[in-house]
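Produce the complete structure using the sequences and hints provided.
Take a look at the letters that make up each chain.
2 protein chains.
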Amino acid sequence: MVKWLDREGIDEDVVVSSRVRLARNIRDEKFPQRMSLNESQVVTEKILNAMEKSNLPEKYNFKRIEDLSSLERRAYVEEHLISPGLIEVPDKSSFFLREDEAVTIMINEEDHLRMQVLFPGLYLEEGWKLCSEIDDFLEKNIDYAYSEKFGYLTSCPTNVGTGMRISCMVHLPCLVLTGYIDSLISALNQIGLTVRGIYGEGSQILGNLFQISNQTTLGETEEEIVQKLKSVILEVIEKERNLRLKLLETQKIDMEDRVFRALGLLKYSRVITSSETMKLFSDIKMGIEMGIIKDIKLKDIDQLMILCQPSSLQRYYGKDMIPEERDIKRAELIRERF
Amino acid sequence: MVKWLDREGIDEDVVVSSRVRLARNIRDEKFPQRMSLNESQVVTEKILNAMEKSNLPEKYNFKRIEDLSSLERRAYVEEHLISPGLIEVPDKSSFFLREDEAVTIMINEEDHLRMQVLFPGLYLEEGWKLCSEIDDFLEKNIDYAYSEKFGYLTSCPTNVGTGMRISCMVHLPCLVLTGYIDSLISALNQIGLTVRGIYGEGSQILGNLFQISNQTTLGETEEEIVQKLKSVILEVIEKERNLRLKLLETQKIDMEDRVFRALGLLKYSRVITSSETMKLFSDIKMGIEMGIIKDIKLKDIDQLMILCQPSSLQRYYGKDMIPEERDIKRAELIRERF
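Each protein sequence line maps, in turn, to chains A and B.
Numbered per the UniProt record's numbering, the first sequence spans residues 1 to 338.
Numbered per the UniProt record's numbering, the second sequence spans residues 1 to 338.
No lab work stands behind these hints, which were simulated from the structure alone.
We put the CB at the ideal spot given by N, CA and C, even for glycine.
Sample of chain A residues lacking proximity to chain B, with all beta carbon distances greater than 12 angstroms (derived):
| hint | residue |
| --- | --- |
| 1 | 33 |
| 2 | 63 |
| 3 | 126 |
| 4 | 144 |
| 5 | 155 |
| 6 | 184 |
| 7 | 219 |
| 8 | 238 |
| 9 | 243 |
| 10 | 278 |
| 11 | 298 |
| 12 | 307 |
Think about it this way: if two alpha-carbon atoms lie no more than 20 angstroms apart in a straight line, the pair counts; the simulated SDA-like pairs of lysine to any residue are:
| hint | chain 1 | residue 1 | chain 2 | residue 2 |
| --- | --- | --- | --- | --- |
| 13 | A | 329 | B | 254 |
| 14 | A | 252 | B | 267 |
| 15 | A | 279 | B | 258 |
| 16 | A | 267 | B | 295 |
| 17 | A | 267 | B | 337 |
| 18 | A | 329 | B | 258 |
| 19 | B | 252 | A | 335 |
| 20 | A | 252 | B | 271 |
| 21 | A | 297 | A | 2 |
| 22 | B | 267 | A | 295 |
| 23 | A | 252 | B | 321 |
| 24 | A | 279 | B | 257 |
| 25 | A | 267 | B | 267 |
| 26 | A | 329 | B | 252 |
| 27 | B | 294 | A | 335 |
| 28 | B | 252 | A | 270 |
| 29 | A | 246 | A | 292 |
| 30 | A | 252 | B | 335 |
| 31 | A | 53 | A | 144 |
| 32 | A | 329 | B | 257 |
| 33 | A | 267 | B | 294 |
| 34 | A | 294 | B | 335 |
| 35 | A | 329 | B | 251 |
| 36 | B | 329 | A | 250 |
| 37 | B | 252 | A | 321 |
| 38 | B | 252 | A | 322 |
| 39 | A | 267 | B | 263 |
| 40 | A | 239 | A | 185 |
In structure tokens form, the structure reads like this:
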């Protein structure tokens, strides 16, 4: 079970989750791409000390990437708890994970420090507040690389300034079905927002799930960035909800057919790929969101969508599997759950 | 319910049904295509009289095509009880149907008389014997058009001689799946057999169901025609059965996946076309034939395959429906039955 998903969120019929991330670096230390193993250990020690002294209110567990099996590493990525970049140089990187999985503090990813707050539903203002508090705690014991002129300095210039990236993962089946999604994406791009697949930069769009995030980190305050994205997300929610009502009004039987066929396939298939699973789960989610399916919880589908990813699935069954075996076990797991 | 299907047959895992048909004409009467309405009535009267005098052992019901609604006419065709040709000139044609639906005697189709025996499973020798008995009964009271040189004379030269056409409807999912069906069809053509869809000449192949019949009616005795087709059908049965075993051995999970997905779709869809239904029912039949599905009877699927045809479906619901409405009602009916 994915712990962070296991709490109630706002507007969850469209917004699966919200994420706030702050990038920070330690003054006078080389950026991770340029540092030696020794230098990376110095940075890790500094952050470990700061965490200890900071006395954060909740319990955090510390994990070094090199201590995790490659299956565990990838499963953490699939659960959105760490970034794909963090596991690329395993002997240098590590992370703190808050007991409830809502906060991750990554060490030596692209920057020395990347703090992430992850909550179900629409949670941008609250997420920013929480992330900012953690940042304040740490800042007491870490000398951040900061310039009066540019703000927080980061390894990649696109993060300089606030070092903040915030995003919402939204489920937009009806915007996709009606074809409005394309014009929405270009409109969002024009106002400085990025739209990507659920596993970030370059990842495929799966299950009609889109990650909408801010592109710029410079020239706006954190509050402005949060307010801007929030107001856009509220508009997207309204657009998607209106289309759902409209489709339910004008194409009820076709929508029901689509949703129930997905249910039939998930309940009966014996071999199923990850990408077909995402497509069918999206139809089920749409069915729940539209009130066509009443006896399945949205949350359970969100959990399953992660559990059915290749590495999470293998971790669940406790063994490495070739893709063909995974497709069989995935179908088995889904039949058990329904 | 389709009555004729409702008895046990031999080799039903491959052979859905067997049909024997004899074409006969009355001496000195014009062939149906050339006769006036009056002349057609004379022919009909002669046959009605002969049927009365012949005193056939079982009960027969007489139906004039013009007395049937167009829905009923097409439903009889879908049930394979009469030929599509019989309803083309409705004011001239009629038929006798034996109470158990195993025998039809069609009047003024392409020939004055067409007797048909229809049984589930492999039933060629017995079918020919039964059809021949009925023919003998009628011949006592009808002067058939017969030439010593050519045999029975028929409207179309391809039927001259024995006037006999026999066929088996066979379900060959694994021959189709493995691609061997094409070479089988050309081999059958080369030895003088025809392979067509389930609704005869020019009809589409639906649900992996093929009708294999004799092409020639001249130069061979009825017994030779029956023995030749029977031995070919036995070979086809063996080929299909061997492939089923082989696929079950080498691709078990994929076959199960295919079969259960079909079941899932049939149990859950809300809108379904006639041709998708045939495809999915074929998968279900294959599942039963291979032992993958154990709690559904082959016979029930054969019944449903007919009941789901457009006219039978409309007759079942007692009303004319546009195709979109039929697709919804078809899905409803299937859900009820499963």
